[in-house]
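Undergrad: Below, each chain spelled out in residue letters.
Number of protein chains: 2
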Amino acid sequence: MIRVIAKQYVDERKMDAYLAVVKELIEKTRAMDKGCISYTLCQDIKKANIMTFIEEWESMEALNNHMQTEHFKTLGAKLSDFYEARTELNIYKEYI
Amino acid sequence: MIRVIAKQYVDERKMDAYLAVVKELIEKTRAMDKGCISYTLCQDIKKANIMTFIEEWESMEALNNHMQTEHFKTLGAKLSDFYEARTELNIYKEYI
Numbered sequence: 001m002i003r004v005i006a007k008q009y010v011d012e013r014k015m016d017a018y019l020a021v022v023k024e025l026i027e028k029t030r031a032m033d034k035g036c037i038s039y040t041l042c043q044d045i046k047k048a049n050i051m052t053f054i055e056e057w058e059s060m061e062a063l064n065n066h067m068q069t070e071h072f073k074t075l076g077a078k079l080s081d082f083y084e085a086r087t088e089l090n091i092y093k094e095y096i
Numbered sequence: 001m002i003r004v005i006a007k008q009y010v011d012e013r014k015m016d017a018y019l020a021v022v023k024e025l026i027e028k029t030r031a032m033d034k035g036c037i038s039y040t041l042c043q044d045i046k047k048a049n050i051m052t053f054i055e056e057w058e059s060m061e062a063l064n065n066h067m068q069t070e071h072f073k074t075l076g077a078k079l080s081d082f083y084e085a086r087t088e089l090n091i092y093k094e095y096i
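These protein sequences, in sequence, are chains A and B. Just so we're aligned, residue 1 is where the first sequence starts under full-length UniProt numbering, counting upward by one. Just so we're aligned, residue 1 is where the second sequence starts under full-length UniProt numbering, counting upward by one.
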């Protein structure tokens with residue numbers, strides 16, 4: 001299993017607009033993208049502007065296909081309008 | 001569900017020693033700690049010294065109990081001998 005952690009620092013003034021775009025991305029990803037095991041948006045319990053995608057994919061191929069989809073490209077691009085700092089993205093393989 | 005992401009920067013010269021301690025921590029946590037849904041060590045696919053715990057807990061209470069256990073306290077303290085940078089710890093609640 002491949003896991004993705006995408007830690008986003010959202011400008012709190014733009015949170016509603018951010019959430020509207022994110023909801024659409026999540027709905028389409030969960031509905032359409034083969035090999036998507038889970039695709040969850042989480043909020044830091046202390047810092048409400050830290051919104052992190054915790055994702056599980058069957059393979060790198062499934063993840064790469066996701067990143068080539070129309071919804072990921074267009075909606076993903078829109079999301080960057082709402083950030084106040086650079087997103088920290090890590091792709092992991094399971095170790096233990 | 002509560003999720004924990006603990007991103008560790010391990011000194012690669014100490015990786016074997018780090019893994020020996022981590023294996024014990026994982027075995028005990030999975031076997032003994034109530035409310036532990038999953039407790040997985042993952043490795044970044046590009047930077048092999050980034051080792052991240054991706055954890056799922058039934059509640060904050062279960063997570064807090066874990067952090068009070070003997071194995072977490074003693075083994076967790078040992079792990080810091082093997083780091084080359086500060087661990088980034090985030091505790092999350094699910095949002096979407």
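Since the hints were derived computationally from the structure, they do not count as laboratory data. Keep in mind it's a predicted model, so treat the numbers as computed, not measured. Where a beta carbon is used, it is the ideal one built from N, C-alpha and C, also for glycine. Just so you know, not all the hints are guaranteed correct.
[Claimed, not checked] With a straight-line cut-off of 25 angstroms between C-alpha atoms, the simulated PhoX-like cross-links for lysine-lysine are: (1) B:47 - B:23; (2) A:23 - B:14; (3) A:28 - B:23; (4) B:47 - A:14; (5) B:28 - A:14; (6) A:73 - A:14; (7) B:93 - A:47; (8) B:23 - A:93; (9) A:47 - A:23; (10) A:28 - A:14; (11) B:73 - A:78; (12) A:46 - B:34; (13) B:14 - B:28; (14) A:93 - B:46; (15) B:14 - A:28; (16) B:28 - A:78.
[Stated by the list, open to error] Stretch-level coverage of chain B by chain A, calculated; a stretch enters the list once three of its residues show a Cβ under 8 angstroms from a Cβ in chain A: (17) 1–7; (18) 20–27; (19) 46–53; (20) 69–76; (21) 82–96.
Undergrad: State for each hint whether it applies.
TA: Evaluated hints:
no., hint, result
1, B:47 - B:23, "holds, 20 angstroms"
2, A:23 - B:14, "violated, 42 angstroms"
3, A:28 - B:23, "violated, 38 angstroms"
4, B:47 - A:14, "violated, 33 angstroms"
5, B:28 - A:14, "violated, 43 angstroms"
6, A:73 - A:14, "holds, 20 angstroms"
7, B:93 - A:47, "holds, 11 angstroms"
8, B:23 - A:93, "holds, 17 angstroms"
9, A:47 - A:23, "holds, 20 angstroms"
10, A:28 - A:14, "holds, 22 angstroms"
11, B:73 - A:78, "violated, 43 angstroms"
12, A:46 - B:34, "holds, 24 angstroms"
13, B:14 - B:28, "holds, 22 angstroms"
14, A:93 - B:46, "holds, 10 angstroms"
15, B:14 - A:28, "violated, 43 angstroms"
16, B:28 - A:78, "violated, 44 angstroms"
17, 1–7, "holds (count 4)"
18, 20–27, "holds (count 3)"
19, 46–53, "holds (count 4)"
20, 69–76, "violated (count 0)"
21, 82–96, "holds (count 7)"
In the structure shown, a violation is registered for the earlier hints numbered 2, 3, 4, 5, 11, 15, 16 and 20, in ascending order.
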